[in-house]
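K.L.:
Starting from the known structure of chain Y, fit chain D onto it as the hints suggest.
Quick note, the sequences are listed as chains Y and D, same order. Residue numbering for the first sequence follows this note's numbering, starting at 106 and increasing by one per position. Residue numbering for the second sequence follows this note's numbering, starting at 106 and increasing by one per position.
Because identical chains share one entry, a pair is satisfied inside a single copy or across any pair of copies.
Below, a list of computed lysine-lysine pairs in the DSSO-like style, where the Cα atoms sit at most 30 Å apart:
no. : residue 1 : residue 2
1   : Lys-277   : Lys-151
2   : Lys-220   : Lys-151
3   : Lys-220   : Lys-273
4   : Lys-273   : Lys-176
5   : Lys-277   : Lys-176
6   : Lys-277   : Lys-220
These are computed hints drawn from the structure, not numbers from a lab.
Number of protein chains: 2
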Amino acid sequence: MQNEPEVTVVRLGHRPGRDERMTTHVGLTARALGADRVVLPDNAGKSRDTIADITDRFGGPFSVECSGSQKALIRNWEGRVVHLTMYGERIQDVEADVRAASTDAPLLVVVGAEKVSFDVYEAADWNVGVTNQPHSEVAGLAVFLDRLFEGRELEREWEGAEQRVIPKATGKRVESVDEG
Amino acid sequence: MQNEPEVTVVRLGHRPGRDERMTTHVGLTARALGADRVVLPDNAGKSRDTIADITDRFGGPFSVECSGSQKALIRNWEGRVVHLTMYGERIQDVEADVRAASTDAPLLVVVGAEKVSFDVYEAADWNVGVTNQPHSEVAGLAVFLDRLFEGRELEREWEGAEQRVIPKATGKRVESVDEG
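With the rest of the complex left out, here is chain Y (with noise of 0.2 Å):
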């Protein structure tokens, strides 16, 4: 977002198939929570195009790729690295010195999907948990964003988008945008 740390979100791991739909929510709630872009593995095609198809449709700035070599990526990271998992430290603890690190240099938000291996435990500034229970690591990227950007993310506005939907209290409103 404008004005804001600039973050990017790395999902490790991906079974085609079994994972489609937690690499693409991943991916889209990244998107629709304040990040500038997605870094899945590289046999998430199908999860890309379909959050580059959503991007298209209702807006941006975002981008998302595939990529072969996360772990160098985590490794080779020129700013901070957060890595989101249960056995971290309390999210509360520690939210305000990650926001405060983030201002200055990009976040790299680390999303994993089964078994994370010990080097990306250590690669990490900080381990992080969204409570210390198992649920769903696309939770844990909602809340971590939300607390991270102080909800300003809500108020974000979006660019290049074919489509909008306008708030309602019952019912569904969705207007072509016309930028021209």
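P.N.:
What follows is chain D alone, placed relative to chain Y:
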């Protein structure tokens, strides 16, 4: 949670196989982030078993059940009903009202799967959008609960747990719980 609004989450719609993980994640997110109960469709027995197993191991109180009459549950609910939908009013505009109304009446939070019929929009006291963007019902539920409880759900204690994760800066630490 004790001393908090009573919250039940109801998941509408479930296609066995295809929706297993999303439905499981809705239930686990409800549990981890402070709801008291989740009601799943009656064909979601596999998700119910997973959620019950996690509750046995990591504690409660939290209840999970399957029901064939979710529409009736919504229609006859004695309390307030929130339906989470990308077409709804902005969460930042209505959360204070929902919070105030939940202090003295149980809250039902409706989480849809695919297409939700119009009578659900009409039965809801609030249709609420966690952004008006397409993303994930799990993400929407997570942010909604975190805002409803204003973060207090992160401090809750768990009863009857067999094991407990101890927050850790690097690595994993899980302890057996001896409540004797």
